[in-house]
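Using the sequences plus the hints, can you model the full thing?
Just so you know, we're using our numbering here: the sequence shown kicks off at 8 and counts up by one.
Since the hints were made in silico from the structure, they are not lab data.
Possibly wrong hints are sitting among the right ones.
Said to hold, decoys possible - Each computed DMTMM-like pair below joins lysine to aspartate or glutamate, with the alpha-carbon atoms no more than 25 Å apart:
1. Lys-47 - Asp-61
2. Lys-47 - Asp-35
3. Lys-47 - Glu-75
4. Lys-47 - Asp-11
5. Lys-47 - Asp-90
6. Lys-47 - Asp-83
7. Lys-47 - Asp-21
8. Lys-47 - Glu-19
9. Lys-47 - Asp-99
Claimed, not checked - Label-pair distances were calculated between CB atoms; the ranges are:
10. Glu-19 - Asp-99: 14 to 24 Å
11. Arg-93 - His-9: 34 to 44 Å
12. Phe-70 - Asp-98: 14 to 24 Å
13. Leu-40 - Ser-16: 12 to 22 Å
14. Asp-101 - Ser-16: 36 to 46 Å
15. Gly-59 - Thr-95: 12 to 22 Å
16. Ser-96 - Ala-22: 29 to 39 Å
17. Ala-22 - Asp-101: 18 to 28 Å
Keep in mind it's a predicted model, so treat the numbers as computed, not measured.
Ideal Cβ placement from N, Cα and C applies to all residues, glycine included.
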Amino acid sequence: MHLDFASNSLAETDALGCALAGILQPGDTLALLGDLGTGKTTLVRAIATARGIDPALVSSPTFVIVNEYPSPRQTDPPLVHVDAYRLTSADDLD
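Following this line, the structure appears as structure tokens:
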């Protein structure tokens, strides 16, 4: 499924993150496409906040490639945040 969303403010991004957190299920993948500084990490931070994860923990994984944020609820899986910008092949994930 491909959906396009546009946000004109931090409040709109936070609301979208909250809505997405309510419908995403364990194992779902959400791909965010956008130029540097378009709010991808801000949206992930909003999703994390809605899931009870400390938003201060959320940072862009551009250089580390993957950040994993544990859920405060033992029954929920962690939120995994991947930045594939620098990846050129699947071998880069090893």
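Holds or violated: Lys-47 with Glu-75, Cα cutoff 25 Å?
holds (16 Å)
Using the C-beta atoms of Leu-40 and Ser-16, is the stated range 12 to 22 Å upheld?
Distance hint for Leu-40, Ser-16 holds at roughly 20 Å.
Lys-47 and Glu-19: Cα distance at most 25 Å?
Distance ~13 Å between Lys-47 and Glu-19 Cα, so the pair holds.
Do Phe-70 and Asp-98 keep their Cβ atoms within the hinted range of 14 to 24 Å?
Cβ of Phe-70 to Cβ of Asp-98: about 18 Å, so the range 14 to 24 Å holds.
Quick one: are Ala-22 and Asp-101 within 18 to 28 Å, going by C-beta?
violated (38 Å)
Does 36 to 46 Å hold as the CB distance between Asp-101 and Ser-16, or does it fail?
holds (40 Å)
Take a quick look at whether Lys-47 and Asp-83 sit within 25 Å of each other, Cα to Cα.
holds (22 Å)
Confirm or reject the claim that Glu-19 and Asp-99 have a C-beta distance inside 14 to 24 Å.
Distance hint for Glu-19, Asp-99 is violated at roughly 33 Å.
Take a quick look at whether Lys-47 and Asp-99 sit within 25 Å of each other, Cα to Cα.
Holds, because 21 Å separates the two Cα atoms, which is no more than 25 Å.
Lys-47 and Asp-35: Cα distance at most 25 Å?
holds (17 Å)
Is 12 to 22 Å right for how far apart the beta carbons of Gly-59 and Thr-95 are?
Once the Cβ atoms are compared, 35 Å apart, the range 12 to 22 Å for Thr-95 and Gly-59 is violated.
Between Lys-47 and Asp-61, is the straight-line Cα distance small enough, at 25 Å or below?
holds (17 Å)
Consistency note: the structure conflicts with the earlier hints numbered 10, 11, 15 and 17.
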